[in-house]
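These protein sequence lines are chains F and A, in that order.
Okay, so the first sequence: first residue is 1 according to the numbering used here, each after it adds one.
Okay, so the second sequence: first residue is 1001 according to the numbering used here, each after it adds one.
No lab work stands behind these hints, which were simulated from the structure alone.
All clues given are correct.
Have a look at the derived ranges for each label pair, beta carbon to beta carbon:
| id | chain 1 | residue 1 | chain 2 | residue 2 | range |
| --- | --- | --- | --- | --- | --- |
| 1 | F | N83 | A | S1002 | 24 to 34 Å |
| 2 | A | N1144 | F | S136 | 48 to 58 Å |
| 3 | F | G111 | A | D1109 | 48 to 58 Å |
| 4 | F | S73 | A | G1030 | 34 to 44 Å |
| 5 | F | K38 | A | Y1146 | 48 to 58 Å |
| 6 | F | E71 | A | E1206 | 53 to 63 Å |
| 7 | F | Q16 | A | D1068 | 13 to 23 Å |
| 8 | A | K1095 | F | D139 | 35 to 45 Å |
| 9 | F | D30 | A | N1196 | 53 to 63 Å |
| 10 | A | N1064 | F | Q16 | 21 to 31 Å |
| 11 | A | T1129 | F | E71 | 54 to 64 Å |
| 12 | A | K1095 | F | Q16 | 34 to 44 Å |
| 13 | F | K86 | A | D1043 | 34 to 44 Å |
C-beta: ideal position from N, C-alpha, C; glycine also.
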Amino acid sequence: MNTVFLFDLDSTVTKQEILPTIAEEIGKKDEMRELTEKTMMGDLPFQESFRSRVELLNQIPVAKVAELVSEISVNDAIVKFLNENKENSFIVTSNLDVWIEKLMNRIGMKGRYYCSHAKVVDDKIVGIKEILAKDSVQDMLTSKAKIVAIGDGSNDYDMLRKADVSVSFGGVREIAPALLDISDYSVYDENKLYELLTAIRNEEDADE
Amino acid sequence: MSNKTVIISCAGMGTRLGAGKPKALIDIDGKPLIIRTLEMLNDVDDIRVVVGYQAERVIEVVKNYRRDVVFVYNHGYQQNGTGASVSLAKKYSRKYILTIDGDILIHPDDMKEILLSETEFVGVCKPSTDDPVLVGIKDNKVTNFYQENGPYEWTGVTMLESRKLTPTDGHVLHLVEQVLPLGYKIIREREIDTPNDYKNAIIWVENGYKD
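Construct the complete structure from the given sequences, taking the supplied hints into account.
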């Protein structure tokens, strides 16, 4: 294994933004939209925003949210890449373990993800144990593999900046402006992303 | 899937023209220069555009025309040359790269010819710019650049086998020089470096690409 691929989840692997989609189900779309936009543009600190967004949704039973999340549509070409490169791909998301587990199973990424962790009592979220700092994943990986990171939001900035190859993906929503300063590539089409990542894997593995 | 990646280098600032925007975006008879080039590349399935100066503006224009372009960043565009842009863009590309400087306009018929090529070549034209890089030719092949009284001028278009090239920070010619001698193709084109070049390019298009 010569190359490790780290994927942001929300609007990179998924075709819809996860938390806004759930908020819509319970009529809190506008509040969620405002928080999400501010965060993506870097106008609201991520941790603060994430806690506020979780609060908006924490009265819904966890099982119900997990169900809704598991039905979110995904970019098929990216999921294809994930499944063809299971051994060296990870999802890196600040979303909560209890909300995304089902979706991870559905796209074949069981156990292949890093995320934030929630405290749950009686099927309700009562707190957050830990919000994942996305760039910490690079430090956890002990192998000397080349790291390729793919994301679209402000909270992917450090993960992309620290990666050997950074790809910002604008296929679902606009890429956060800050990422343009540090990306090696910007790609707006999921099939092109698949082709680029496959080329990176093939070339790096050939050099091994 | 073809074995060709087309690379258009649009990272530079174009200071001699002083348009206040990347040369790829200057208007040529109603359309940005890069759109005129992309229109000739509609059948190409792998295009990379290298961006640097005002990257966001270039990306916006290109992706509104087609979304399947891969944008490659040359963040060091203020210090390095077109060779650096091509060196970055050739990584993880297909077998052949067809490189086109973002400040030239190619005759549509010649672009069709270029796209049919299955081998490496250097694009040349009759000397026309104020400060041409002339090529030396022997046995129907380009053997060197900066040839005094060379019969043709280097154009900014070349097709090369990607893997053979050692990256450079300098001019794209430093990449081509590594693999000379190479065959050549005569291309009709307009390079836009100065306000006068710009005026001539517009007239050329208005006259239906007639010299």
